[in-house]
Amino acid sequence: MQLSGKVALVTGGRQGIGAAIVERFLLEGAKVVTCGRGARPSDMASNIDWVQADVSCSGQMELLKDHVVTHYGALDVLVNNAGVQIEKTLVDTSDDDWDVLMGANAKGVFNAVRSLLPIMASGGSIINMGSVSGNAADPGLALYNASKAFVHGLTRSVAVDHGPSVRCNAICPGWIMTAMADSAFAVAEDPAAAKQDALVRHPAGRFGTPADIANMALWLASNESQFVTGQLFTVDGGLTAASPLNPSLF
Amino acid sequence: MDAEKIFTEHLKGRVAVVTGGCGGIGQAICRRFASEGAQVIAADVAPMPEALQSSAQYFNHDVTSEQSAQDLMAFVEQQFGHLDVLVNAAGIEIEKTIEETTLDEWQRIFSINVTGTFLTSKYGVPLMRKKGAGSIINFGSYDGFIADPSLAAYCATKGAVHALTKAMACDYGKENIRVNAICPGFVATPMLESFFGDSGDIESLKQQVRDIHPLRRYGTPDDMANLVNWLAGDEARYASGALWVLDGGLTAQVQQMRL
Chain A
1 MQLSGKVALV
11 TGGRQGIGAA
21 IVERFLLEGA
31 KVVTCGRGAR
41 PSDMASNIDW
51 VQADVSCSGQ
61 MELLKDHVVT
71 HYGALDVLVN
81 NAGVQIEKTL
91 VDTSDDDWDV
101 LMGANAKGVF
111 NAVRSLLPIM
121 ASGGSIINMG
131 SVSGNAADPG
141 LALYNASKAF
151 VHGLTRSVAV
161 DHGPSVRCNA
171 ICPGWIMTAM
181 ADSAFAVAED
191 PAAAKQDALV
201 RHPAGRFGTP
211 ADIANMALWL
221 ASNESQFVTG
231 QLFTVDGGLT
241 AASPLNPSLF
Chain B
251 MDAEKIFTEH
261 LKGRVAVVTG
271 GCGGIGQAIC
281 RRFASEGAQV
291 IAADVAPMPE
301 ALQSSAQYFN
311 HDVTSEQSAQ
321 DLMAFVEQQF
331 GHLDVLVNAA
341 GIEIEKTIEE
351 TTLDEWQRIF
361 SINVTGTFLT
371 SKYGVPLMRK
381 KGAGSIINFG
391 SYDGFIADPS
401 LAAYCATKGA
411 VHALTKAMAC
421 DYGKENIRVN
431 AICPGFVATP
441 MLESFFGDSG
451 DIESLKQQVR
461 DIHPLRRYGT
471 PDDMANLVNW
481 LAGDEARYAS
491 GALWVLDGGL
501 TAQVQQMRL
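As you go down the protein sequences, you meet chains A and B in turn.
All residue numbers for the first sequence refer to our numbering, where the first residue is 1 and numbers rise by one.
All residue numbers for the second sequence refer to our numbering, where the first residue is 251 and numbers rise by one.
Read the hints as simulated data drawn from the structure, not as lab findings.
A couple of the hints might just be wrong.
[Claimed, not checked] As a list, the in silico DSBU-like pairs of lysine-lysine whose alpha-carbon atoms are at most 30 Å apart:
#1 B:346 with B:380
#2 B:424 with B:381
#3 B:346 with A:195
#4 B:456 with B:262
#5 A:195 with B:456
#6 A:88 with A:107
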């Protein structure tokens, strides 16, 4: 029970990686609040505190802060997981696409940290969701890639400006098998071949699961990482340790 | 050399040593330096190609030998009195995992790729100090950042060259001796031919690897010489301690999906 007595807020905890982090934090004894744009999902477990809130809206993040203060007093762990992906090149991207994607992935992290950092307990941990595509590009994901590079930069700034009271780190997932990953592969001329190509380039021999990312999030949330701040943690099964060449070619 | 290239002779009167100067990339660098007005010494254990004789002097130089480095720089001092530019381009590749690599092979690749860069620079720096300025250009590789399969010792040597580049830049910056590394990707050279050498359907493989590059082609020795030429000259006067990736965009991406 590594998070016994801690209060954690995970944005975008309805599905995918966010849901795995919520589930793991609960198992480790945390009280978990999560939020999303929709109403509380009907199948959500009763021990999860759901707040309908959109990270791209600063007013709603302020209301979320009030909710946390009222019900829990303070916050120990903030996981900025909410994010969207739009599969377009730069020239295909519209103004609306920009607002949606940068609103959630960039402004969303900004809004959440700005609202919630003042109510974080001393020793608190902020965990942002970056991406390996914030360091090297995935094709057809121009704004997504750029938004993740923003997250990487903001992670370091928050760590520098707001230590020692809080720590701030980012996780850079690689291919994690979620609906979002399938949408990313869909930009390929031959999605099945692209997926196979990616798979053979994983030294770990498999794609990641949301639980793999939750493992890292738990460590960063826990007291095991008390001296860790301002860093990016790649969890990609070794994918980006290798060049983009497909070893099966040789 | 590109047909449309305009030479500014920005290296006029400069003295440049290129180790591995008779190899694929080294020859292109020697020719470019000569076109820019430099006095060029191609330092190599391989013999001087006839085509290079109008561009460079030859010095038989074994980069693994301290005596050879001393002899090379004594020759440069006697001929020119100082040194302006040193390009450490000598290098080899071993296509093996660590289990397949013998200790002798490991020591050989380190002695050429790493010790060679160390020794030639060690005896070149004093001749740059005499001039009060200098530019050293080492050969790293994107494989010094990320790995390709079955190139373990090679990857390790290039990581070492990257760190050595920064260390040398720290130590000699105050003397206006700049140190940078270029980090090539796939360059069409005999080394690349050897890399593809024993792999089944070579033409199809070459095409597939080529198409993984955003620019859809392999680098040429002249592409490498273009950057080395810039780093050698005064336009790069504020560039030091940096690793310059030159790979047609290969490592800017996680994966090429439009094959």
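Evaluation of the provided hints:
| no. | hint | in the structure |
| --- | --- | --- |
| 1 | B:346 with B:380 | 43 Å, violated |
| 2 | B:424 with B:381 | 14 Å, holds |
| 3 | B:346 with A:195 | 27 Å, holds |
| 4 | B:456 with B:262 | 39 Å, violated |
| 5 | A:195 with B:456 | 22 Å, holds |
| 6 | A:88 with A:107 | 20 Å, holds |
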